[in-house]
Amino acid sequence: VEIMDKFLLLLLIILATVKEGALAFLASKSGGPCTTKNSRLLLRAGKNLEQLLVTDSVEGTGDTAKFGAIVTVNYEGFLLEDGTLFDTSMISFKLGYGKVLEGCDKGIKGMRVGGKRVLKIPSKLGFGSAGFGPEPYSVPKNADLEFRVELLSVASGPMSEAAANIGIGLNPKTVYLK
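Counting with mature numbering (1 follows the signal peptide of the UniProt record, and there is no 0), you get residues -24 to -1, 1 to 154 for the letters of the sequence shown.
To be clear, the hints were calculated from the coordinates, so they are not data collected in a lab. Positions of the beta carbon are idealized from the N, C-alpha and C atoms, including for glycine. Misleading hints may appear alongside valid ones.
To be verified - With a cut-off of at most 35 Å between alpha-carbon atoms, the simulated DSBU-like pairs for lysine-lysine come out as follows: (1) K85 <-> K42; (2) K82 <-> K117; (3) K42 <-> K117.
As the list claims (entries may be wrong) - Ranges of calculated distance between the beta carbons of each label pair, as one might list FRET restraints: (4) I(-22) <-> G59: 28 to 36 Å; (5) A106 <-> S132: 26 to 34 Å; (6) G90 <-> S114: 19 to 27 Å; (7) E78 <-> V34: 40 to 48 Å; (8) G38 <-> S114: 33 to 41 Å.
Let's have the full structure, built from the sequences with the hints guiding it.
Right under this line is the structure:
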């Protein structure tokens, strides 16, 4: 029985790795993120991500986040390599205007209110070669990231000039602000 359990676990790991590798391949060919629905097992396929990987853990039923909309999200940011939590907060910003990491802008687009999504962001769409910030919110140079995002609201219409220019984070130490 133990041998069969180990075999099944190994098979699941192989299948999850192949799945993520296939998503990365498809994303590289399409030039955009690849999405999976309700994925239960996510493992890294290689040392560095090449493309944004998007997985819906809960599909929302409310309004859809579109570029130009004012979105409010709860998020947690982790280093993909070792799972270190480097930030958690709530933020409102105008989607698609470069007020957050490029990988977050692209990964949140298309979410529906009430939805939860995991974004695996390659360094080039995250903090890149600069890394970010002092301890304890430090992100190393060239680090791939994972964000767990919950879309709380979507609104259209004018946003205050200050909010539109910087994004609004309730945690003043947020790394989402640019």
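Now the hints, each set against the structure:
1. K85 <-> K42: holds (6 Å)
2. K82 <-> K117: holds (21 Å)
3. K42 <-> K117: Holds, at about 30 Å.
4. I(-22) <-> G59: 28 to 36 Å: holds (29 Å)
5. A106 <-> S132: 26 to 34 Å: Holds, since A106 and S132 (Cβ atoms, about 33 Å apart) stay within the stated range.
6. G90 <-> S114: 19 to 27 Å: Once the Cβ atoms are compared, 32 Å apart, the range 19 to 27 Å for S114 and G90 is violated.
7. E78 <-> V34: 40 to 48 Å: violated (24 Å)
8. G38 <-> S114: 33 to 41 Å: holds (35 Å)
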